[in-house]
Amino acid sequence: MLSRQRLFWRLRPYDLPGSDRAFLRACRDNCAYHICHCPGYAAICRHLGFSPEQLRTIDDLAKIPVIPTLFFKRKALFSMPQWRMAMKVTSSGTSGKYSRIGFDWGSILAEAPMVINLGFRHHLVSPKPAHCVILGYKPHKSNHTGVTRTMFGLTHFSPPLSRTYALHMVDGGYVPNLDSVARALKKFERSHFPTRVIGFPSYLWFGLKRMEELGLRVKLPKGSRIILAGGWKQHSDQEVDKGTLYALVEKTLGVPEENINELFGAVEHPVFYNTCKRHHFHIPAYGRIIIRDPDTLEPLPMGRVGLINLISPLMCATPTLSVMTDDLGYLTTGEKCGCGIQTPYLTILGRVGMSDIQTCAAGASELLGKGEAF
Amino acid sequence: MIFANGKLLPDTERKAVLDGLEAQLDAVRTAPPLEAETVISAVDALGKRLEDGEFAPLLSRFLPAGMGLDELLPLLRRESLEGKLTAELGPEPFVSKDFAKTTARVLPLGVLFHIAPGNMPGLPVYTALEGLLTGNINLVKLPHGDKGLSLAAFGLLVEQEPRLAPYIYAFDLPSGRREDMKVLAALADGLVVWGGDGAVEAARTLAGPGCKLMEWGHRLSFAYLSGYEDREAELSALASHIVETGQRLCSSCQVIFLDTDDREEGLAFCREFLPYLEKAAAQRPGPGAGAPASLSGHTALLERIVDGRAEGETIFRGKGCSVILRPDRELELSPMEGNVLVKLLPQKELLSALRRRKGRLQTAGLVCAPEKREALTDLLARAGLTRVTRAGGMSASFPGEAHDGEYALRRYVRMVDVEKG
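Chains A and B supply the protein sequences, listed in that same order.
Quick note on this note's numbering: the first sequence kicks off at 1 and runs consecutively.
Quick note on this note's numbering: the second sequence kicks off at 1 and runs consecutively.
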């Protein structure tokens with residue numbers, strides 16, 4: 001699908017008006033592809049009265065059937081046989097249920113220039129080798145979560161000298177080993193090369209709090225970076241504001257605020273969202289965001305709080321053209337940020353109170369034989 | 001975390017606790033059994049402190065926003081505990097009965113291993129409480145979603161009455177820890193499992209021969225409408241019930257069955273009921289409170305489309321809720337969170353439709369003209385329902401009521417016949 005590659009190989013990652021035509025074209029093609037190859041998606045479009053020809057202006061993107069990520073947790077939809085996929089990835093399944101998403105080779109070919117392009121733009125790419133401390137899972141053959149692969153991938157933005165993981169697989173389960181992380185940080189303090197701490201913000205916060213309690217402080221070498229991905233997940237009730245976290249990073253690790261990058265993305269929407277120097281997630285040319293009314297799912301104007309609908313024509317193996325997370329958030333016009341990037345930016349307020357808990361009535365429906373193997 | 005012998009221990013102690021457990025349990029069982037009065041006075045005192053708001057800051061830490069313990073608090077009072085004992089075990093529950101040649105003594109079953117549910121905060125404590133009332137030692141596997149409420153509650157209970165300490169053990173085991181589950185099951189005389197078919201099946205493989213299995217499986221509930229006593233009050237009570245329980249409980253209304261075969265009447269009912277549901281939904285606290293309803297409703301619609309089941313239905317969308325008129329007659333799970341199914345089910349077909357869900361039926365919220373109530377109640381009872389209530393009371397708990405058609409406590413005791421000398 002050439003229209004997709006044309007979009008993702010664009011060199012100006014934050015030119016939304018300039019990319020609108022290419023984006024719309026790629027969405028039309030992507031939608032038509034899924035309708036043709038995924039009977040379930042075709043049924044959804046037919047039932048909701050949607051066809052790709054209805055995409056004429058950028059405002060028409062709101063008409064594309066929106067699929068909640070919750071849907072992918074209950075049902076797997078694919079638009080190509082599994083042997084043609086490059087890989088299959090699952091969401092982290094905080095609640096014990098996870099999405100199963102297939103990636104086609106074309107999506108990987110399209111993702112690569114996007115990640116490199118944005119990596120340069122946000123100073124993630126560096127030729128100087130670095131030690132990597134990963135506050136996340138050590139890859140394991142039984143772990144198919146997207147965030148594990150993402151964090152491993154992030155270690156390649158500079159030549160990795162070493163990788164120290166906070167979570168190791170022991171007897172079939174992950175166990176934290178914060179001591180080894182603390183020892184590594186102490187050691188890397190004296191290295192000639194910078195350190196990159198990559199991980200969940202929650203783990204960084206807990207780790208730093210622990211270091212603070214123990215009176216531990218390090219001053220990581222110049223050029224060291226903190227790269228945060230994956231959100232607060234099951235620890236969202238303990239989430240702290242960015243300012244507090246960044247201040248503690250500077251105090252305990254000696255890494256200044258401008259060297260902290262945050263990333264946002266989802267297995268169902270693997271667009272590489274980066275924070276600008278003012279820590280805002282601006283929309284890149286490879287995706288679009290619509291905020292929807294929590295009560296009616298109708299699109300809301302700029303600034304209003306609602307459910308986050310993410311649109312990108314990246315994936316061909318799974319119909320994730322237009323997905324909706326269970327987060328609430330809002331958009332702000334780019335000029336209000338002041339970092340120089342003109343595209344609107346997304347503020348995520350956190351999960352809506354979806355009951356992740358197993359409900360007793362839901363259990364009774366197990367007899368209807370739902371669920372399928374990947 | 002682990003709760004053992006009145007103490008909170010880190011998970012690293014799990015192996016040590018499990019290794020020493022059998023010897024400890026045997027020691028406790030050698031002594032005279034726990035008396036119900038000890039449990040009742042401790043729980044009653046603790047309940048009063050809870051009602052007085054003494055633990056409000058603690059509760060707000062553990063409970064999901066907007067959730068309270070209002071449903072459970074009345075169950076902790078002395079009169080309801082004593083009422084439960086006499087209702088289920090007779091007027092003098094633990095007094096030996098004299099026969100010509102023997103005396104029949106009532107003893108606790110022994111050790112109960114509870115696999116506790118996560119759908120309602122407080123239930124892990126409640127199931128253990130039923131075990132305590134009958135004098136049993138309780139090993140509780142806490143649910144995945146339990147954020148510490150149960151552990152805190154056990155702590156307070158033992159603080160209130162230290163004599164309960166040897167009778168309560170709670171484990172925050174990940175479900176993957178099958179080996180540990182097996183150890184606990186092997187120690188138990190009875191396994192009490194709450195949960196879906198998956199949990200029940202897993203429990204069946206855990207409980208070896210010699211371990212009695214007590215299953216509190218998942219159930220489905222519905223409302224049946226055949227006329228009204230007070231139309232406005234009943235519809236608004238039903239709407240509040242649907243929104244307040246989020247349709248997450250076994251007793252929550254999933255489907256509203258209408259006693260008619262006329263689709264026009266069905267459409268008219270949906271149009272009439274939607275504003276009631278919207279009014280109840282508008283009472284939800286906080287911004288974005290309608291989001292779970294919209295997400296669940298939309299996701300379920302997409303699932304029905306993909307499964308080829310969406311044809312012939314009509315959806316009435318409201319703000320943060322919806323009413324879905326379905327063309328079939330089956331009792332099934334709704335999309336929940338305030339998205340209710342409406343189906344036509346004339347009285348003459350009621351029994352056969354419900355029999356297709358036997359073993360899964362729980363509460364029917366009956367809305368009808370007063371003169372029809374008796375006959376319809378009989379019919380619902382014969383169809384297999386275990387509770388028949390009014391529209392708003394579907395999830396209420398009533399003193400003396402059975403649990404899914406059974407008196408739980410009867411299963412937690414055993415009889416010992418002793419020949420007279």
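Just so you know, the hints here were simulated from the structure itself, not pulled from any lab data.
Certain hints may be false.
[Stated by the list, open to error] The following label-pair restraints were derived from C-beta to C-beta distances:
hint, chain 1, residue 1, chain 2, residue 2, range
1, A, Thr57, B, Leu351, 30 to 40 Å
2, A, Asn143, B, Thr12, 18 to 28 Å
3, A, Val170, B, Ala23, 27 to 37 Å
4, B, Asp328, A, Asp15, 43 to 53 Å
5, B, Met1, A, Leu214, 17 to 27 Å
6, A, Arg217, B, Ala282, 46 to 56 Å
7, A, Leu11, B, Met1, 50 to 60 Å
None of these values were measured; they are calculated from a predicted model.
Glycine included, every Cβ here is placed at the ideal spot set by N, Cα and C.
Each hint tested on the structure:
1. A:Thr57 / B:Leu351: 30 to 40 Å: Given range 30 to 40 Å: violated, Cβ gap about 57 Å.
2. A:Asn143 / B:Thr12: 18 to 28 Å: Holds: the Cβ-Cβ distance is about 23 Å, inside 18 to 28 Å.
3. A:Val170 / B:Ala23: 27 to 37 Å: holds (29 Å)
4. B:Asp328 / A:Asp15: 43 to 53 Å: holds (52 Å)
5. B:Met1 / A:Leu214: 17 to 27 Å: holds (22 Å)
6. A:Arg217 / B:Ala282: 46 to 56 Å: holds (52 Å)
7. A:Leu11 / B:Met1: 50 to 60 Å: Hint holds: Cβ distance 53 Å, inside 50 to 60 Å.
Of the hints listed earlier, the one the structure fails to meet is number 1.
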